[in-house]
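A.B. asks: Sequence:
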Amino acid sequence: MAENRVAELLDQQVNKEFYSAYLYLDFANFYEEKGLKGYANWFRIQAQEERDHALLFMQYMQQNDMKVTLRAIPEPGKELHEILDPLKEALAHEQYVTSLIHDIYAEAQAARDFRCMQFLDWFIKEQGEEEDNARTNIQRTQLFGSDPKGLYMLDQEMQGRVYSAPSLVL
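My numbering puts the first residue of the sequence shown at 105, with every later residue one more than the last.
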């Protein structure tokens with residue numbers, strides 16, 4: 105069983121991952137209102153991924169005799185006006201989540217909780233991918249999004265994103 109501080113941070117991360125899903129659903133709503141169904145699709149799928157991340161943390165905790173406490177999910181409360189706003193917010197949020205995962209890893213390392221460190225290895229790699237995707241979405245939208253045809257093509261491309269469940273096996 106993990107040290108108390110590690111278990112506490114893992115439990116908090118469950119809520120953070122559910123919040124991430126909630127945040128991304130808010131971004132999807134923003135894009136739906138703008139008529140950008142592809143961008144909305146991209147964030148709905150991102151929300152599914154975040155929900156699955158929360159479930160993976162829960163499963164790990166349950167398999168390692170740790171109590172999971174589900175808490176209220178706060179409102180996203182982000183002011184979104186421009187097409188780039190959700191993309192920039194998503195990058196900042198992914199960087200924040202990366203810092204949270206690193207904090208848990210550091211605590212697990214200090215507690216010599218090697219099982220938890222191994223579990224978190226997948227999330228560290230995943231966060232690198234999440235940040236890269238967020239940066240790419242910003243760059244491409246900055247490059248091509250100011251042109252209506254370019255924005256249309258980007259939106260169509262994002263419409264093609266399909267959900268793929270995480271490949272982490274516990």
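In case anyone wonders, no lab produced these hints; they're calculated from the structure. One or more hints might be untrue.
No more than 25 Å apart at the CA atoms, straight line, and that leaves these computed lysine to any residue pairs for SDA-like [said to hold, decoys possible]:
1. K253 - Q152
2. K171 - D207
3. K141 - D236
4. K182 - G232
5. K141 - K229
6. K192 - N108
7. K171 - K138
8. K253 - H185
9. K229 - E153
10. K192 - Q213
11. K171 - Y209
12. K138 - K229
13. K138 - Q213
14. K141 - G264
15. K192 - A238
16. K192 - Q166
17. K120 - A176
18. K138 - R219
19. K138 - M162
20. K141 - Q166
21. K141 - D207
22. K120 - Q166
23. K182 - N145
24. K192 - H206
25. K171 - G181
26. K138 - P252
27. K120 - K253
28. K141 - P252
29. K192 - K171
30. K182 - M221
Distance windows between CB atoms, simulated [unchecked claim]:
31. S250 - D225: 21 to 27 Å
32. D225 - K253: 41 to 47 Å
33. K138 - W226: 41 to 47 Å
Every residue, glycine too, gets a C-beta built ideally from N, C-alpha and C.
A.B. asks: Tell me, in ascending order, the numbers of any earlier hints that this structure violates.
C.D. replies: Violated: hints 1, 5, 6, 7, 10, 12, 13, 16, 18, 19, 20, 21, 25, 27, 29, 30, 31, 33.
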